[in-house]
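Novice: Line order of the protein sequences matches chains A and B.
Just so we're aligned, residue 1 is where the first sequence starts under this note's numbering, counting upward by one.
Just so we're aligned, residue 1 is where the second sequence starts under this note's numbering, counting upward by one.
Worth double-checking, as some hints may not be accurate.
Since copy identity is lost for identical chains, a pair holds within one copy or between any two.
[Claimed, not checked] Distance condition first, Cα-Cα at most 25 Å in a straight line; then the derived DSS-like pairs of lysine-lysine:
1. K63 with K254
2. K201 with K162
3. K250 with K4
4. K63 with K250
5. K63 with K162
6. K250 with K162
7. K250 with K90
8. K63 with K4
9. K201 with K250
10. K201 with K90
11. K201 with K63
12. K201 with K254
13. K90 with K254
14. K157 with K201
15. K4 with K201
16. K157 with K254
17. K254 with K162
18. K4 with K162
For the record, the hints were derived by calculation from the structure and aren't laboratory data.
From a predicted model like this one, the values you see are computed outputs, not experimental measurements.
Protein chains: 2
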Amino acid sequence: MKGKPLILVTNDDGVNARGIHELAACLENLGELVIFAPDGPRSGMSGAITSRVPLTYSLLERKNGLTVYMCTGTPVDCVKLAVNDILGRKPDLLMSGINHGGNMSICVHYSGTLGAAIEGCIQGIPSIGVSLTDYTEDSTFDACCLLGHRLAVSVLKDGLPKGTYLNLNVPNIRQVRGMQVCCQAEGRFINEYMRSENADKEPVYWLTGSLYNIVPDLPENDILALDNGYASLVPCKIDVTDYGFMEQLKEMVKTNTITL
Amino acid sequence: MKGKPLILVTNDDGVNARGIHELAACLENLGELVIFAPDGPRSGMSGAITSRVPLTYSLLERKNGLTVYMCTGTPVDCVKLAVNDILGRKPDLLMSGINHGGNMSICVHYSGTLGAAIEGCIQGIPSIGVSLTDYTEDSTFDACCLLGHRLAVSVLKDGLPKGTYLNLNVPNIRQVRGMQVCCQAEGRFINEYMRSENADKEPVYWLTGSLYNIVPDLPENDILALDNGYASLVPCKIDVTDYGFMEQLKEMVKTNTITL
């Protein structure tokens, strides 16, 4: 690697969230840091992209090897715009977070934090999403920062396989017991809506719900690790093809003559 | 299966798009149909969910076994709300589309059409995303409808493996040559932004770009199939864990002492 590593930092809680600044602070000795993040909260934005309105961004700060931008787009927009038009070279690492709230199990499909990591991975950048299972503003990010920093050092040194990104979740407890490499738990949200009323007494629906581990004894699943007091680290793939089902699907297509 | 199958139809182009009505029309002989779709375009919304504002929905039409609702949310919101609070029972099938525009390769990560199919799959419903590689309003949906219908019949009969959904893309050509079971091509968008100016002469960035097949000779990849005049059918997984990298990641974590 020539010169200092370039590290792109983004999130889905917005540029003013505490988590992203805690993350940048713990990475500052590792290279040149650029924060390019949404101008406000974009939780649950998944891999959403903005195409019907144009994006703008602005420079907020530049000092001591840290440059901070904010952007009107989603987390994925931020990664795309930063990589395509703002950074002079491809980052050596993308870190997304620290998210205020856990992104274990199926949350990988809803999370803007992971949306950004997926986009980084698509762009060919070793990418890591970092989340703390706590929504409160005064959360303790110490364990998150320690693990995130060591993971960053390791990934800067060894890289990641093409098409694979990492999903790190850290439990919000005083004594995190360690970190476990995990698979994605088979989760499901239950009781997903709270019915309420607007000022005109019409029904409105607020998203809520709690994450349920459908197969709690699935070996090495991430919800289980977190429940047991460990941070979970799940390697995830961009290629979502179910290769194990392809041959059977070919049979099904043939047997049922699904053709033109 | 008891009684008529219940089929939930949604999309990301909105309840007024032609594609969703073409899809519903071709499925009408298969069971009880409920369209529950966004009230306007939600292209590129991926798996986004709405949590900061409440959702509302309204009934637009009910006749001849077809019920049509529109909702203020994203495609995923539509699926969640329909399944949680509107439909009396779990649908036997979810069809999302017909999308005006292709969703091959990495588009699975950006597409609201697929976001809805992923959500259906998470909810335990056999789910299929259907897309036509054409954005124009006067597209020909014939091949899409024929294949979508036959696929629906087959999936209603045989089901799909737990945690697997289908991504069908149909090329916009006069003579589609058939359908191929494919894997997800390794795609990348290039030239993703067009720089322009707003009325105040400030720079703004419009998302654009074209999809490039990085490994065109990857066997059975979906972009290749479409380029060759075939519809592509990719089985996709909810579980994105890179199982093949887990042991190596454990070694990496150990060697680099990434722990607390």
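Novice: Determine for every hint whether it applies to the structure shown.
Specialist: Consistency of the hints with the structure:
1. K63 with K254: neither (62 Å within a copy, 35 Å between copies)
2. K201 with K162: This pair counts as neither: shortest intra-copy Cα distance 52 Å, inter-copy 40 Å.
3. K250 with K4: Neither: 49 Å inside a copy, 27 Å across copies.
4. K63 with K250: Result: close neither inside a copy nor across copies, 57 Å intra and 37 Å inter.
5. K63 with K162: For K63 and K162, neither the intra-copy (33 Å) nor the inter-copy (51 Å) Cα distance is at most 25 Å.
6. K250 with K162: Between copies only: 17 Å across, 28 Å inside.
7. K250 with K90: Answer is neither: 40 Å inside a copy and 27 Å across each miss the 25 Å cutoff.
8. K63 with K4: within (16 Å within a copy, 65 Å between copies)
9. K201 with K250: The answer is neither: 52 Å in one copy and 55 Å across copies each exceed 25 Å.
10. K201 with K90: Classified as neither: same-chain Cα gap 52 Å, cross-chain 29 Å, threshold 25 Å.
11. K201 with K63: For K201 and K63, the Cα distance exceeds 25 Å both inside one copy (52 Å) and across copies (28 Å).
12. K201 with K254: Cα proximity of K201 and K254: none, with 54 Å in one copy and 58 Å across.
13. K90 with K254: The answer is neither: 45 Å in one copy and 28 Å across copies each exceed 25 Å.
14. K157 with K201: For K157 and K201, neither the intra-copy (58 Å) nor the inter-copy (43 Å) Cα distance is at most 25 Å.
15. K4 with K201: Answer is neither: 59 Å inside a copy and 35 Å across each miss the 25 Å cutoff.
16. K157 with K254: between (48 Å within a copy, 14 Å between copies)
17. K254 with K162: between (34 Å within a copy, 21 Å between copies)
18. K4 with K162: within (22 Å within a copy, 46 Å between copies)
Violated hints for the displayed structure, listed by number in ascending order: 1, 2, 3, 4, 5, 7, 9, 10, 11, 12, 13, 14 and 15.
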